[in-house]
Amino acid sequence: MIMIMKKCICYLLFSVLSLSLFSCASEKQEKEPGLKDALKDKFYIGTALNRDQYMGYNCAAQKVILQHFDAIVAENCMKSMLLQPREGEFFFDNADKFVEFGEKNNMLITGHTLIWHSQAPRWFFVDENGKDVSREVLIERMKNHIYTVVGRYKGKVKGWDVVNEAIEDNGVWRKSKFYQIIGEDFIKLAFQFAHEADPDAELYYNDFSMARKGKREAVVRMVKSLQEQGIKIGGIGMQGHLMMDDPSVEEFEKSILAFSELGMTVMVTELDLSALPSPWKNVGANVSDAVGYQEKMNPYPNGLPADVESEWEDRYMDFFNLFLKHSDKISRVTLWGVSDATSWKNDFPVRGRTDYPLLFDRDYKAKPIVSKIMEAAENHGSRKFSKTYKVNNNVSFQVEGKISEVK
Numbered sequence: 001m002i003m004i005m006k007k008c009i010c011y012l013l014f015s016v017l018s019l020s021l022f023s024c025a026s027e028k029q030e031k032e033p034g035l036k037d038a039l040k041d042k043f044y045i046g047t048a049l050n051r052d053q054y055m056g057y058n059c060a061a062q063k064v065i066l067q068h069f070d071a072i073v074a075e076n077c078m079k080s081m082l083l084q085p086r087e088g089e090f091f092f093d094n095a096d097k098f099v100e101f102g103e104k105n106n107m108l109i110t111g112h113t114l115i116w117h118s119q120a121p122r123w124f125f126v127d128e129n130g131k132d133v134s135r136e137v138l139i140e141r142m143k144n145h146i147y148t149v150v151g152r153y154k155g156k157v158k159g160w161d162v163v164n165e166a167i168e169d170n171g172v173w174r175k176s177k178f179y180q181i182i183g184e185d186f187i188k189l190a191f192q193f194a195h196e197a198d199p200d201a202e203l204y205y206n207d208f209s210m211a212r213k214g215k216r217e218a219v220v221r222m223v224k225s226l227q228e229q230g231i232k233i234g235g236i237g238m239q240g241h242l243m244m245d246d247p248s249v250e251e252f253e254k255s256i257l258a259f260s261e262l263g264m265t266v267m268v269t270e271l272d273l274s275a276l277p278s279p280w281k282n283v284g285a286n287v288s289d290a291v292g293y294q295e296k297m298n299p300y301p302n303g304l305p306a307d308v309e310s311e312w313e314d315r316y317m318d319f320f321n322l323f324l325k326h327s328d329k330i331s332r333v334t335l336w337g338v339s340d341a342t343s344w345k346n347d348f349p350v351r352g353r354t355d356y357p358l359l360f361d362r363d364y365k366a367k368p369i370v371s372k373i374m375e376a377a378e379n380h381g382s383r384k385f386s387k388t389y390k391v392n393n394n395v396s397f398q399v400e401g402k403i404s405e406v407k
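Counted from 1, the sequence shown has number 364 at position 364 by the UniProt record's numbering; the numbering is strictly sequential.
Check each hint, because a few of them may be wrong.
[Stated by the list, open to error] With a straight-line Cα cutoff of 30 Å, these simulated DSS-like cross-link-like pairs (lysine-lysine) come out:
# : residue 1 : residue 2
1 : K156      : K104
2 : K296      : K40
3 : K97       : K213
4 : K296      : K329
5 : K131      : K154
6 : K104      : K131
7 : K232      : K154
Calculated directly from the structure, the hints in this document are not laboratory data.
For clarity, every value in this text was computed on a predicted model and none was experimentally measured.
Can you build the whole structure from these sequences, using the hints too?
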């Protein structure tokens, strides 16, 4: 009996120790104002979460999340390959934890993504012989997947990226298996099924390169077609994977306006800004010389030089000022990740690079741009003035303030 009691005590101590090691402190702490406070009257500010973050294994990240963000999206755990790796066998453990984290912290939760050609399980498209399934079979599989996933989180997930990346940059349909087997109707059906599964959920189309004219015009045509057919679509997600020279702020703005004119809520999704050169624009580099190529593609392994960091910061601010300008049209801006330490841009499109695309550094410290965004948000809708009054040759004083703009 004594031995059993000792074992129980040891097990209890081990459990307590495990909780302290592998979960973040839950006690309420006084929090400093963050991005979400500065932007609360403008739009939601969100971030994509990985498993370590919503499970509480990365406490430094979680502290940043709770201070600065009021919206979350799952980086991976809601993609079909992970939710339904085999037909009819759903794995919801991680997605449940993600949603639970969002509910516990009163965050806007977005589901990402229901239908996407990438990170979809192979079984979705083939029969027992490895041949493409019929149109009817694929439609039924889509319906079952969407009904099951959306139905499980009905009332908990505010909105869904229903279809992801279905259009090429030049405006033609991506020749995905969904398109090849079903045709362009797969878009309409996906939105129809999602609406049937949760009539109150907001339903979005999400894609990259949305500032390009060809894609912008194709998305406008698609949305108009859905609207004419009576299909519910509520918003457009403009992925913001920015580079230092592309896209232009002006073209990005054109897309915000074009989508808004359709009655769509506009969201800036998957936002990051790479400070590194694009390999597609450096095809003249000596690719056969692996070391030389890596040096060209990974020029800042130990940190950004001051001049590059300044340019990077200015470009980020250009876009945030654009978002603030159109805050009446934009409902959410979501960063694709919390910190540079875990950003996917470190390995894309060249593995092993060190990139700096997010607002928090590798130690989860806020970069100077965070306070600049907060200041810009505070001054949005007002015009700053500064005037120096001269009393005599030796004495002067300066008056600073804000003049409210007439809307």
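We went through each hint and held it up to the structure:
1. K156 with K104: holds (11 Å)
2. K296 with K40: Distance ~41 Å between K296 and K40 Cα, so the pair is violated.
3. K97 with K213: violated (39 Å)
4. K296 with K329: With a Cα-Cα distance of about 40 Å, the restraint between K296 and K329 is violated, given a limit of 30 Å.
5. K131 with K154: Violated, because 34 Å separates the two Cα atoms, which is more than 30 Å.
6. K104 with K131: violated (45 Å)
7. K232 with K154: holds (16 Å)
Checked against the numbered hints listed earlier, the structure breaks hints 2, 3, 4, 5, 6; every other hint is satisfied.
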